[in-house]
Amino acid sequence: MSRSWTLLLLGSGVALLAALPALLSAGLLNASIQMLIAALFACAYSLLAGRAGLLSFGHAAYFGVGAFATLHAMNAFAGKGLLPTPLLPLVGAFAGLLVGLVAGWFATKRSGTTFAMITLAVAELLHSLAPQLKGWFGGESGISAMRMPAWGLTFGSTVEVYYLTLAWVLLSLALLHFHGRTPLGRLTLALRENGHRLKFLGYDAHGVGLSAFVVSSMFAGIAGGLQAINNEAANYVVFDASVSAAVVLNSYIGGVGSFLGPALGAALMTFFGYAVSDATRSWLLYQGMLFVLVMMFVPVGLTGLFGAAARLKARRGWRLAVSVSALAVVATLCAAAGVVFVVEMLQRLCSHDYRALAAMGGSWPPIALFGRSWPPGSVATWLVPAALLAVAGLLGWTARRALVSPAVPQPEAAAIDGQEALT
Amino acid sequence: MRDSLPPSALRALPAMVTLACLTGLAQAAPVKIGLLETLSGPQASTGQSFRSGVKYAIDKMNASGGWNGQPVQLIEYDNQGGPAGASDKLKAAIADGVQIVVQGASSAIGGQITEDVRKHNLRNPGKEIVYVNVGAEAMELTGEKCNFHHFRFTGNAQVRTKALVAGMKQAGTLGSKVYAINQNYSWGQDMERAIGDNAAAGGYQVVEKTLHDTNKIQDFAPYVSKIVSSGAETVITGNWSNDLLLLMKASKAAGLKARFGTVFLDQPGNVANAGDTALGHFIAHAFNPEAGGADSTRFVDDFKAKTGHVPTFVEPQAAFGLEMVAAALKATKPQGGALNVNAFAKTLETTRIRTPMGEVSMRAADHQVLMPFVVSVVAKDAKYKADGTDMGFKPVKVFTAEEAAAPVQASCKMQRPD
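In the order they appear, the protein sequences are chains G and F. Mapping the first sequence onto this note's numbering, position 22 (from 1) lands on 22, and the numbers just tick up by one. Here this note's numbering runs 1000 ahead of the position in the second sequence, where the first position is 1.
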């Protein structure tokens, strides 16, 4: 893609983000804030996991430290605040940097599994220490603070918080992107590719790893600070392993290989949690399924799909690319609908309420789902998901056939290559 | 998210809007109650228990006419088990027009919600919301964090321990040496303090106190050997879930003769898991179906008819709490067709209802409910069996709300609206 196209796309994306408060309801706008924060956290994480090749399992530590530091800064000077509200994420950045420096110094002495275990241990240490240190982390109920008016803004409304978050996230993403262009950023890439060779070339591999760790934890601290400003509270649960796990999941679903992949994955999964968690009790199951499927079939992440489509167009022309993509999308939707139907039916069938109802009535009453009622004992009910899955299979098979029977045989058309170029 | 409308609909739009406004004046939006509970993840079963109690009471309220001629709406939000998720969903609930939020599982989430509610009400005068807490028992919610728009419809460590100690003393099983073992976080620390505070009234000496990690210990044998060597006759613990179960099993294995005084032994599955180990242990809880005579039986039968099971664990307290909310709603007149939350909160402060256990009222000073507590012992001759075993909770003594009450905490400085 040419440079002007990229700039145009970026510009319209930012313009859309800036226009969101006028387009969305208050609830969705708050979800957007969460998506932005998760996106920044995932991008900060993928600097370490994607660019430096250091898989950290405890990034919640730096996110949480940033959040708590920001809250303490908000409460400083009898609630007046250490800094004006818009500058508070700086405190989160500083705290993330400091803790990242200490933890990272130990962690980056090793790589691979040992590195992952050390980061996990650091996060668990904080998670079990935090409830005991009531002065620092506020015990179980946590610490709460209030956003103070600054620079003529009250920060009482979601819209003002949204713009504050947006400004910080865009600035941070720009800096993270810029980091990849600096010599240090290129060295970080070299560390991922071959640390030994880097050492033989005379570079300080530990120092390069540490710098990546520190930069990553600093931006994670900013994300934590933004969350603290948005929620005006935090408690030791932010150190929970599930927070660390979520950022790994988000980054890999989006694709750690590309710069905006993790951001996309995080925004998508956060919105998924927001929208689906109230609609169904099985949302964690769906999230897990999505992760497994992405890892199995698109190991480069969802952003890899765009690259694959672009390569297909380049090799086989846009006509085939569009038809295969459309077939794949419809097949995916059909498969998803079929699976959702089965899972939701089973979930209702096994629920406490339904078993009570069945026990009282003596028979199996129909189950209300998607605005209709389905008798669970009838074959017709289960034919619906079976038909959906069959259609999905048929479409998938058709798409595959179109791919493997080339009109003009080409040598590299056999498989879609896994490695995305780092941009 | 905007569908384009056909031209005819566009022309009819002004008329539709006018009509909507007129009907809006005649019939205001119904009261929306948001249930902000943990409905997924590892703590989901507790969240589901609160949900079924709340749903039972609201269905009952709607069956008797709802509020202002309309059924009350219950909207469920999954707080995903954490304070950050609860904070998000609270914002979503406020955007949906919810005026009353209900939550119970976890004091950490309760602490987040009560602070968020306080800040929202400070920033949005005239659009207040109220937090109905049916299960978060941390002392500070009615202490340092006490808040005019927070109401607690459950006991706390002081209330539960006071009832437990008095009940066990009357049953003659308390002894003079008590061992306090609790989980090391706000709830366990509150319990430990309460066990010490009740020593004089119970006529016992706390021989040793232990705080341990929450839900992380697999083998309680070292703790049990400490209990054995301390010579304690009774172990009082605020432990719940696995920590309670593993502690009881380790005691049985070590041949410990001491009785257990607990507060969460009635969590579904506990008695079945513990088996005979549970026999003879005590619990202080909000409801025992055997204790309240015909009223109790009527409540239990009705609950069972609606939900398919006998109310246990936190379901009764959630149902009673929401029945109080319903009574206060009934006594609050609509203003301009809508609910004035401050007027409702003031009414709730003076609401008294009768539950099968006795009279329940709200204390205006700190918004801690005054409710009866019952002390029961696990026995084979209990009328209602737990978890499909041959054991159940046999009531020992019912304490009235006044007898069970603990004093208002000095740290509570409530800001009241004019």
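These aren't lab readings, by the way, just hints derived from the structure by calculation. Please note: incorrect hints may appear among the correct ones.
Have a look at the derived ranges for each label pair, beta carbon to beta carbon [claimed, not checked]:
| no. | chain 1 | residue 1 | chain 2 | residue 2 | range |
| --- | --- | --- | --- | --- | --- |
| 1 | G | S363 | F | A1221 | 24 to 32 Å |
| 2 | F | A1221 | G | L189 | 50 to 58 Å |
| 3 | F | A1221 | G | P375 | 34 to 42 Å |
| 4 | G | T332 | F | K1413 | 52 to 60 Å |
| 5 | F | Q1170 | G | F106 | 56 to 64 Å |
| 6 | G | G156 | F | A1272 | 20 to 28 Å |
| 7 | F | S1045 | G | A174 | 41 to 49 Å |
| 8 | F | S1045 | G | M296 | 44 to 52 Å |
| 9 | F | I1075 | G | K80 | 35 to 43 Å |
| 10 | G | G362 | F | A1364 | 31 to 39 Å |
| 11 | F | A1095 | G | V342 | 51 to 59 Å |
| 12 | F | K1413 | G | W136 | 22 to 30 Å |
| 13 | G | A336 | F | A1171 | 27 to 35 Å |
Restricting the straight-line Cα-Cα distance to at most 16 Å, the calculated cross-link-like pairs of lysine to aspartate or glutamate (EDC-like) are [what the hints assert, rightly or not]:
| no. | chain 1 | residue 1 | chain 2 | residue 2 |
| --- | --- | --- | --- | --- |
| 14 | F | K1394 | F | D1381 |
| 15 | G | K134 | F | D1418 |
| 16 | F | K1330 | F | D1302 |
| 17 | F | K1127 | F | E1349 |
| 18 | F | K1119 | G | E232 |
| 19 | F | K1055 | F | D1390 |
| 20 | F | K1055 | G | D353 |
| 21 | F | K1032 | F | E1076 |
| 22 | F | K1306 | G | D353 |
| 23 | F | K1394 | F | D1418 |
| 24 | F | K1249 | F | E1290 |
| 25 | F | K1413 | F | E1144 |
| 26 | F | K1209 | F | D1197 |
| 27 | F | K1304 | F | E1144 |
| 28 | F | K1216 | G | D240 |
| 29 | F | K1209 | F | E1233 |
| 30 | F | K1169 | F | D1219 |
| 31 | F | K1383 | F | E1402 |
| 32 | F | K1060 | F | D1381 |
| 33 | F | K1252 | F | D1219 |
| 34 | F | K1145 | G | E232 |
| 35 | F | K1304 | G | E193 |
| 36 | F | K1216 | G | D353 |
| 37 | F | K1346 | F | E1359 |
To give a feel for the contact side, a few chain F residues facing chain G, derived at Cβ under 8 Å [unchecked claim]:
| no. | residue |
| --- | --- |
| 38 | Q1043 |
| 39 | G1097 |
| 40 | N1242 |
Here a beta-carbon is modelled for each residue, glycine too, at the ideal position from N, C-alpha and C.
Structure-based check of each hint:
One distance hint, 24 to 32 Å for the beta-carbon pair S363 of chain G and A1221 of chain F, is violated here, with the actual separation near 50 Å. Take A1221 of chain F and L189 of chain G: their Cβ atoms lie about 52 Å apart, and the range 50 to 58 Å holds. Here the CB-CB span from A1221 of chain F to P375 of chain G is close to 53 Å, at odds with the stated 34 to 42 Å. Evaluation of the 52 to 60 Å hint for T332 of chain G and K1413 of chain F yields a pass: the beta carbon distance comes to about 57 Å.
Restraint check, Q1170 of chain F to F106 of chain G: a C-beta distance of roughly 58 Å satisfies the suggested window 56 to 64 Å. Roughly 51 Å separates the CB atoms of G156 of chain G and A1272 of chain F, a value that falls outside the hinted 20 to 28 Å. Between S1045 of chain F and A174 of chain G the C-beta distance comes to about 45 Å, which sits within the given range of 41 to 49 Å. Separated by about 31 Å at the C-beta atoms, S1045 of chain F and M296 of chain G break the suggested range of 44 to 52 Å.
In this structure, I1075 of chain F and K80 of chain G meet the distance hint of 35 to 43 Å, their C-beta atoms being roughly 38 Å apart. The given range of 31 to 39 Å is broken by G362 of chain G and A1364 of chain F, whose C-beta atoms sit roughly 49 Å from each other. In this structure the supplied range 51 to 59 Å is violated for A1095 of chain F paired with V342 of chain G, their Cβ-Cβ distance being about 33 Å. The hinted window of 22 to 30 Å between K1413 of chain F and W136 of chain G holds, with their beta carbons roughly 24 Å apart.
A hinted range of 27 to 35 Å is violated for the C-beta pair A336 of chain G and A1171 of chain F, which are about 59 Å apart. The straight-line distance between the Cα atoms of K1394 of chain F and D1381 of chain F is roughly 7 Å, inside the 16 Å bound, and the hint therefore holds. Distance restraint check for K134 of chain G and D1418 of chain F: the Cα-Cα separation of roughly 34 Å exceeds the 16 Å cut-off, and the hinted pair is therefore not satisfied. With a C-alpha separation of about 22 Å, the suggested pairing of K1330 of chain F with D1302 of chain F is violated against the 16 Å cut-off.
For the suggested pair K1127 of chain F and E1349 of chain F, the alpha carbons sit about 19 Å apart, so the restraint of at most 16 Å is broken. For the hint linking K1119 of chain F to E232 of chain G, the alpha-carbon distance of about 9 Å falls within 16 Å, and the restraint holds. Of the pairs offered as hints, the one joining K1055 of chain F and D1390 of chain F is violated, with about 29 Å between alpha carbons and a cut-off of 16 Å exceeded. Our distance criterion of 16 Å between C-alpha atoms is met by K1055 of chain F and D353 of chain G, whose separation comes to about 12 Å.
Restraint check: the Cα-Cα separation between K1032 of chain F and E1076 of chain F comes to about 10 Å, which is no more than 16 Å; the hinted pair holds. Of the pairs offered as hints, the one joining K1306 of chain F and D353 of chain G holds, with about 9 Å between alpha carbons and a cut-off of 16 Å not exceeded. About 47 Å separates the Cα atoms of K1394 of chain F and D1418 of chain F, which puts this hinted pair outside 16 Å; it is violated. Restraint check for K1249 of chain F and E1290 of chain F: not satisfied, since their Cα atoms lie roughly 27 Å apart, outside the 16 Å limit.
Between the alpha carbons of K1413 of chain F and E1144 of chain F the distance comes to roughly 7 Å, so the proposed pair stays at or under 16 Å and holds. Proposed proximity of K1209 of chain F and D1197 of chain F is supported: the alpha carbons are some 13 Å apart, at most 16 Å. Among the hinted pairs, K1304 of chain F with E1144 of chain F is inconsistent with the structure: their alpha-carbon atoms are about 39 Å apart, more than 16 Å. Annotation: proposed proximity of K1216 of chain F to D240 of chain G holds, straight-line Cα distance about 14 Å (limit 16 Å).
A C-alpha spacing of about 14 Å is found between K1209 of chain F and E1233 of chain F, which places the hinted pair at or below 16 Å, so the restraint holds. The hinted pair formed by K1169 of chain F and D1219 of chain F fails the criterion: a straight-line CA distance of about 30 Å is larger than 16 Å. Only pairs whose Cα atoms come within 16 Å are accepted, and K1383 of chain F paired with E1402 of chain F is rejected, the gap being roughly 27 Å. At roughly 32 Å between alpha-carbon atoms, K1060 of chain F and D1381 of chain F are farther apart than 16 Å, so this suggested pair is violated.
Between the alpha carbons of K1252 of chain F and D1219 of chain F the distance comes to roughly 13 Å, so the proposed pair stays at or under 16 Å and holds. Between K1145 of chain F and E232 of chain G, the direct Cα distance comes to roughly 15 Å. Compliance with the 16 Å bound is thereby established for this hinted pair. Of the supplied pair hints, the one linking K1304 of chain F and E193 of chain G is violated, its CA atoms being roughly 64 Å apart against a limit of 16 Å. Between K1216 of chain F and D353 of chain G the alpha-carbon distance is near 32 Å, which puts this suggested pair outside the 16 Å criterion.
Between K1346 of chain F and E1359 of chain F the CA atoms are separated by roughly 19 Å; this puts the pair beyond 16 Å, and the hint is violated. For Q1043 of chain F, the suggested interface contact is broken, since its CB lies about 11 Å from the closest CB of chain G, more than 8 Å. At a threshold of 8 Å, the smallest CB-CB gap from G1097 of chain F to chain G is about 10 Å, leaving the interface hint violated. Residue-level restraint check for N1242 of chain F is violated (minimum Cβ-Cβ distance to chain G is 17 Å; threshold 8 Å).
Of the numbered hints listed earlier, those contradicted by the structure are 1, 3, 6, 8, 10, 11, 13, 15, 16, 17, 19, 23, 24, 27, 30, 31, 32, 35, 36, 37, 38, 39 and 40.
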